[in-house]
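Enquirer: Each chain, written out:
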Amino acid sequence: MVRFVSLALLLATWWLASLFAGPLMLPGPDRVLSVIGAHAQTGDLFFQLGVTLARVLAAFTIAMAAGTAIGLLMGRVKIADRIGDPWLIVLLNLPALVIIVLAFIWGGLTEIAGVLAVAINKLPNTVVTVREGARALDPELDEMARVFALPRRKFLWHVVFPQLAPYLAAAARSGLSLVWKIVLIVELLGRPNGIGFQIGMAFQLFDVTLILAYALAFVVVILIIETTVVQPIERRASRWRIRAT
Amino acid sequence: MRPVGEFGQLEVRIAHKAFTAASGERFDVLHDVCFELGHSEVGALVGPSGCGKTTILRIIAGLETDFEGTVERRSSGRLGMVFQEPRLLPWRTVEDNVRLVAPGIAGEALASLFEVLDLHTHRLHYPGELSLGLARRVALARALAIDPDLLLLDEPLVSLDEALAERLRAQLAALIESRPITTLLVTHDLQEAIRLADRIFLLSPRPAQMVADIPLTTPRSARTEREIATIVGEVTSRINRGAPASPHVTPVTRHDPTDL
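Residue numbers (the numbering used here), protein chains in the order written: chain A, 590 to 834; chain B, -5 to 254.
The hints are simulated quantities; they were obtained by calculation from the structure and are not laboratory data. Errors might be hidden in some of the hints.
To be verified - According to the in silico footprint, chain B covers these stretches of chain A (three or more CB under 8 Å from chain B):
1. 727 to 734
2. 744 to 758
Said to hold, decoys possible - Here are the simulated SDA-like cross-link-like pairs (lysine to any residue), alpha carbons at most 25 Å apart as the crow flies:
3. A:K743 with B:G71
4. A:K667 with A:K743
5. A:K667 with B:F61
6. A:K770 with A:A629
Treat the numbers as computed from the prediction; the structure is a model and nothing was measured. The C-beta atom is built at its ideal place from N, Cα and C for all residues, glycine as well.
Use the sequences and the hints to build the structure in full.
Expert: Here's what the structure looks like:
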């Protein structure tokens, strides 16, 4: 309920601001909506959304999987942490744009280069978060697993990952939003389709309505993913907590 | 007496164990702790709080490897352990906690184990919903579910109220009686040790040394309250005065501990 009121307030603010700024600088919600509708009818909107979403999911999956593995290793093994830490600091402070441009120069203007560039941008972030989680693992449960000789896979699945769940959720949350923002830059610089490419076109035509239409459509997609995928998973993972209190 | 070594299931020879404190200072915890347990024998390590009993269990379980000496377990088989804290996975139900370590357990065996320990109504509960006494019982069920060759119990009844401790002690005694499992339990309570064990290993305050190895000849079920009181009296007086051995008490080594 509160969320709806808050959202309505945001729309109202937008609409009011559009009245002052004029339709060229800031078109109102109604105009943006009608453009979304028009592009949806031709199917173009869904194609562009789909292409971008596929890149987001690919980069997100790579970054989360590799980041979790590296973070876990660095959090658990001291020598791995000491070796990996300087790399991590370099990667964390490398601007997204530098990574993207280098990826396109070295890998050509290809799909793989683009997706990898996004994944590398997100990777250090995941590593840092998961490493924090791995450092906070309960040593008592570790010992229990050792005494009962739990096989490695069971140990990871039943003992480690449930403890990492809050950290993984935090990494996924911030990851999804970060990844889609960087994917747009990649598309702007070196891809022939996707939301980023469309927005680049709209920029050259100074078409603010089109820019907002595509941006908004993708935000809605991310919101749907958040509520239908991320939140249910989180609820399921913390089921024991709710019942425990 | 049974020839030790031939039937020995567990042979512990710890010459020396020290810890290094955060300040860099080293302090001795164990010094010359040697004992053996035969097949399906129940031993109790008894000593004052903080004397290093838990460390002995941890060494046997393989959790402490930095010590001088040897630990030999005859059958390289399964090890069941009940830690002082239950150490259950809070995100798994009682049943899943047990099944996790014993994936092969038959439904019937699990049901009867839960029945004996009065846990059958709690199968689907999460550990956060259990009292300490219940959680301890789940930890005990978990250790027994793997059908261990060696069972290690670290103060299984500590910080429970007397009535509950009494009940759990009876359950524990019944379980130990019904299964031929070599068991080593740690306690600071001599009475408890006498009620549960076949053999008592008395330890001195830190650094812990063996004071005496006391086999109890009367079968567990036949020990009356009076007999238990007599044994307690004999052991304490012997510790305090270095009194001669009684028929129940066979001294092995003699030191003079001041605190028990």
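Enquirer: None of the hints should be skipped; say for each whether it holds.
Expert: Hints versus structure:
Taking a C-beta to C-beta cut-off of 8 Å, the segment 727 to 734 of chain A contributes 4 residues in contact with chain B, enough for the three needed, and the coverage statement holds. Only residues whose C-beta sits within less than 8 Å of a C-beta in chain B count toward coverage, and the segment 744 to 758 of chain A has 3 of them, enough to reach three; the restraint holds. Taken as a hint, the K743 (chain A) and G71 (chain B) pair is honoured in the structure, with Cα atoms around 20 Å apart against an allowance of 25 Å. About 23 Å separates the Cα atoms of K667 (chain A) and K743 (chain A), which keeps this hinted pair within 25 Å; it holds.
Restraint check for K667 (chain A) and F61 (chain B): the C-alpha separation of about 23 Å stays at or below 25 Å, so the hint holds. Restraint check for K770 (chain A) and A629 (chain A): the C-alpha separation of about 22 Å stays at or below 25 Å, so the hint holds.
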